[in-house]
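Enquirer: One line per chain: the protein sequences are A and B, in this order. Counting in our numbering, the first sequence tops out at residue 425, every number present. Counting in our numbering, the second sequence tops out at residue 425, every number present.
No wet-lab data here; the hints were simulated from the structure. Since no wrong hints were added, every one of them can be taken at face value.
Result set (DSBU-like, lysine-lysine): computed pairs, CA atoms no more than 35 angstroms apart in a straight line:
1. Lys59/A x Lys13/B
2. Lys378/A x Lys41/B
3. Lys283/B x Lys331/A
4. Lys242/A x Lys59/B
5. Lys157/A x Lys157/B
6. Lys41/B x Lys91/B
7. Lys331/A x Lys331/B
8. Lys41/A x Lys59/A
9. Lys355/A x Lys331/B
10. Lys283/A x Lys331/B
11. Lys170/A x Lys210/B
12. Lys91/A x Lys154/A
13. Lys157/B x Lys242/B
14. Lys331/B x Lys283/B
15. Lys250/B x Lys210/B
16. Lys41/B x Lys170/A
17. Lys378/B x Lys120/A
18. Lys59/A x Lys157/B
19. Lys421/A x Lys221/A
2 protein chains.
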Amino acid sequence: MEKILASIITIGDELLIGQTVDTNSAWMGQKLNDAGVWVQRRVAVGDDKEAIIRALDEEARLSHIILITGGLGPTADDITKPVLCGYFGGKLVQDEPTLTRLMALFEARKLPVLERNVAQALVPDTATVLPNMRGTAPGMWFEKDGKIFVSMPGVPFEMKGLMEAEVIPRLQSRFTMPTLLHHTLITTGMGESFVAERIKDFENALPGHIKLAYLPSYGLLKLRLTSVSPEKTSAAAEMKTAFDALRSQLADIAVAEEDLPMGVILGKILLEKGLTAGTAESCTGGKIAGQITSVAGSSRYFKGSVVSYANETKMNLLGVKATTLEQYGAVSEQTVREMAEGALKALNVDCVMAVSGIMGPDGGSEEKPVGTVWIAAGGKDNIRTTLHRFRYDRARNTDMTVVAAMNELRKWLEL
Amino acid sequence: MEKILASIITIGDELLIGQTVDTNSAWMGQKLNDAGVWVQRRVAVGDDKEAIIRALDEEARLSHIILITGGLGPTADDITKPVLCGYFGGKLVQDEPTLTRLMALFEARKLPVLERNVAQALVPDTATVLPNMRGTAPGMWFEKDGKIFVSMPGVPFEMKGLMEAEVIPRLQSRFTMPTLLHHTLITTGMGESFVAERIKDFENALPGHIKLAYLPSYGLLKLRLTSVSPEKTSAAAEMKTAFDALRSQLADIAVAEEDLPMGVILGKILLEKGLTAGTAESCTGGKIAGQITSVAGSSRYFKGSVVSYANETKMNLLGVKATTLEQYGAVSEQTVREMAEGALKALNVDCVMAVSGIMGPDGGSEEKPVGTVWIAAGGKDNIRTTLHRFRYDRARNTDMTVVAAMNELRKWLEL
Numbered sequence: 011m012e013k014i015l016a017s018i019i020t021i022g023d024e025l026l027i028g029q030t031v032d033t034n035s036a037w038m039g040q041k042l043n044d045a046g047v048w049v050q051r052r053v054a055v056g057d058d059k060e061a062i063i064r065a066l067d068e069e070a071r072l073s074h075i076i077l078i079t080g081g082l083g084p085t086a087d088d089i090t091k092p093v094l095c096g097y098f099g100g101k102l103v104q105d106e107p108t109l110t111r112l113m114a115l116f117e118a119r120k121l122p123v124l125e126r127n128v129a130q131a132l133v134p135d136t137a138t139v140l141p142n143m144r145g146t147a148p149g150m151w152f153e154k155d156g157k158i159f160v161s162m163p164g165v166p167f168e169m170k171g172l173m174e175a176e177v178i179p180r181l182q183s184r185f186t187m188p189t190l191l192h193h194t195l196i197t198t199g200m201g202e203s204f205v206a207e208r209i210k211d212f213e214n215a216l217p218g219h220i221k222l223a224y225l226p227s228y229g230l231l232k233l234r235l236t237s238v239s240p241e242k243t244s245a246a247a248e249m250k251t252a253f254d255a256l257r258s259q260l261a262d263i264a265v266a267e268e269d270l271p272m273g274v275i276l277g278k279i280l281l282e283k284g285l286t287a288g289t290a291e292s293c294t295g296g297k298i299a300g301q302i303t304s305v306a307g308s309s310r311y312f313k314g315s316v317v318s319y320a321n322e323t324k325m326n327l328l329g330v331k332a333t334t335l336e337q338y339g340a341v342s343e344q345t346v347r348e349m350a351e352g353a354l355k356a357l358n359v360d361c362v363m364a365v366s367g368i369m370g371p372d373g374g375s376e377e378k379p380v381g382t383v384w385i386a387a388g389g390k391d392n393i394r395t396t397l398h399r400f401r402y403d404r405a406r407n408t409d410m411t412v413v414a415a416m417n418e419l420r421k422w423l424e425l
Numbered sequence: 011m012e013k014i015l016a017s018i019i020t021i022g023d024e025l026l027i028g029q030t031v032d033t034n035s036a037w038m039g040q041k042l043n044d045a046g047v048w049v050q051r052r053v054a055v056g057d058d059k060e061a062i063i064r065a066l067d068e069e070a071r072l073s074h075i076i077l078i079t080g081g082l083g084p085t086a087d088d089i090t091k092p093v094l095c096g097y098f099g100g101k102l103v104q105d106e107p108t109l110t111r112l113m114a115l116f117e118a119r120k121l122p123v124l125e126r127n128v129a130q131a132l133v134p135d136t137a138t139v140l141p142n143m144r145g146t147a148p149g150m151w152f153e154k155d156g157k158i159f160v161s162m163p164g165v166p167f168e169m170k171g172l173m174e175a176e177v178i179p180r181l182q183s184r185f186t187m188p189t190l191l192h193h194t195l196i197t198t199g200m201g202e203s204f205v206a207e208r209i210k211d212f213e214n215a216l217p218g219h220i221k222l223a224y225l226p227s228y229g230l231l232k233l234r235l236t237s238v239s240p241e242k243t244s245a246a247a248e249m250k251t252a253f254d255a256l257r258s259q260l261a262d263i264a265v266a267e268e269d270l271p272m273g274v275i276l277g278k279i280l281l282e283k284g285l286t287a288g289t290a291e292s293c294t295g296g297k298i299a300g301q302i303t304s305v306a307g308s309s310r311y312f313k314g315s316v317v318s319y320a321n322e323t324k325m326n327l328l329g330v331k332a333t334t335l336e337q338y339g340a341v342s343e344q345t346v347r348e349m350a351e352g353a354l355k356a357l358n359v360d361c362v363m364a365v366s367g368i369m370g371p372d373g374g375s376e377e378k379p380v381g382t383v384w385i386a387a388g389g390k391d392n393i394r395t396t397l398h399r400f401r402y403d404r405a406r407n408t409d410m411t412v413v414a415a416m417n418e419l420r421k422w423l424e425l
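Bound conformation, chain A alone (with noise of 0.2 angstroms):
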């Protein structure tokens, strides 16, 4: 059975100067993944007629299906209409229908309609529109030589609501798509090399239409097997067998067994054994109390978080002694079981992580290398503290630290 193949364009200089990074494509990727469809190219140009019109060309030789995305805007930098509409043929007449949900859309906010917005309502007339109920430039679905082209506006919210709503659908009802499965292990401790030679045996026994990649993640190592097939039940019971031979080999670093962020890990657990937590931040300042509340019905078992980046905060709210942090440093051992101490009853929840570390690029010593995260874990009589070195820059150790920190409390809570 042949592979559905798609290739996603994306226009704007913005992307090629990084003032944009391009998480579009993402996304894309994967809803298409999960309908079936192999995304085997992404390319990104600037706004630029004839390097638009060259990856139209390019991809339409390689893929069945061009995405495309940006460049639909009301403004003068926008060339992306023009010159589908030279590419497809056609001349750019009204379509009611938009311009109508662009109206009302403008009375709503009470705004004056300008020329240049009207002018959104404007498509190529061989063009079938795909209405956007989220903004004003619509979806546009082209046929040539026997390729499908669809061009969406590059706003991610406009962009996901015209691909669920109109995209997807239209293309399953196109194609007899084969089935793609992935199932990810997520693992923790052990390196890819070291994983690798333990699953060696495994890994070369796979049939070839699995394959297995090592995705390193943030002091997390993901194991994807991913399988290609016309048969649904029979792929999806062999890829079984394949992940539980994985998951047997892997058992003792096995974190997930699904690809999920571990903020959504955390919560399933704290879910399923009905306790609450909380956070008590310094070096990260927040973005572990943030990465747990980005899970939609997280308030069922996250009440809050004290980010005590000063040390007088750490004092006032968390009850860090002056002693402490005077005798250890902030970022040492018993300040950061003082905080967890602390941020247990101030926030009145079952187990906390608390974190004290430092990120970079200034601050470190030589006994405290920049890197140097302590983290607790743990509930009320029952803390358990570690040391982690990360070698990172700034960002990148705020990260490490924010994933460390739910894994740890994550080990805690299964012991």
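Fit chain B to the given chain A structure using the hints.
Expert: Only chain B this time, still in chain A's reference frame:
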């Protein structure tokens, strides 16, 4: 003068199925741009020999410089090195400095060195080896038919080290770079199309080699001027004239004259004024504090935060009255004002931001739909409250709230 053109190729199935967001390309685009290199295309391909070779061929036709990241880890899913060796000719040989560094690294971590680790020190003898001081896989510099190809590991921290220490300096000594200048004005409170209408004449009068781009970003609008010129002094003067004209036309809505995150902008103002700040966060769950503390040196003006996700925490740590919560609800002007007052005292700071809102997907009502957010910003006896209504999903509503809260405190500080 000819533009120096670059393409970035990223390798890895995890990018195509959306398991990883590509942040490397944006960072590389910024650095190359600063150095005068124009990134004209970014391409992501899977761990597939044919796809990699096709990308190398294509990009070599279009660009002077081809930068490649990813696919150099110690495990079996990495095929980049053999493919490069085949593409550029030569055979794999052991690089002694890399092997020595690698052995030292494993010794320091008290880990045995496996065969597959030693293999990381193998490089094609047609490559100039670029030492990776942050990891085990070295960078490799190839030249073919007058084009430069550089292969780097995909781990962001390692790639960044190689770019800064090796790749950028080598490119600078190799090419005479044109001057690429960007200057960005950040504005707030006026939509893209209305700004465009106001500065229409300015935009039409811009010289051909200066481009204006509109970049909406979390409720702000960034206006970026870009000029490409062979001559540094005149380019800078011309850019200054254009930027001054832009700024004077948008003085009433200008936020900043550099493309900086709001956390940095706010930090600068606080430092300048010698004031300390903190946050009281409900719906943002610590993310405002997280953004402020991601700035190195923020401990000079930021003391901490109370993340009061639960009502109980709002009462216990911030002194919000039970009657206020009962009468007006957690998402109300009254609650957010009491949160701000409580945070001023609890954190002992000069000014605060407090937020309470409904991020979704659940928790909305007819009166207070998802996206309703109350923000309080100010200092003792002088707190201003504002109501915001975002129309997005949970993640985007949260991001918008984080930026809006910092912007409200910025406005209060600049009164």
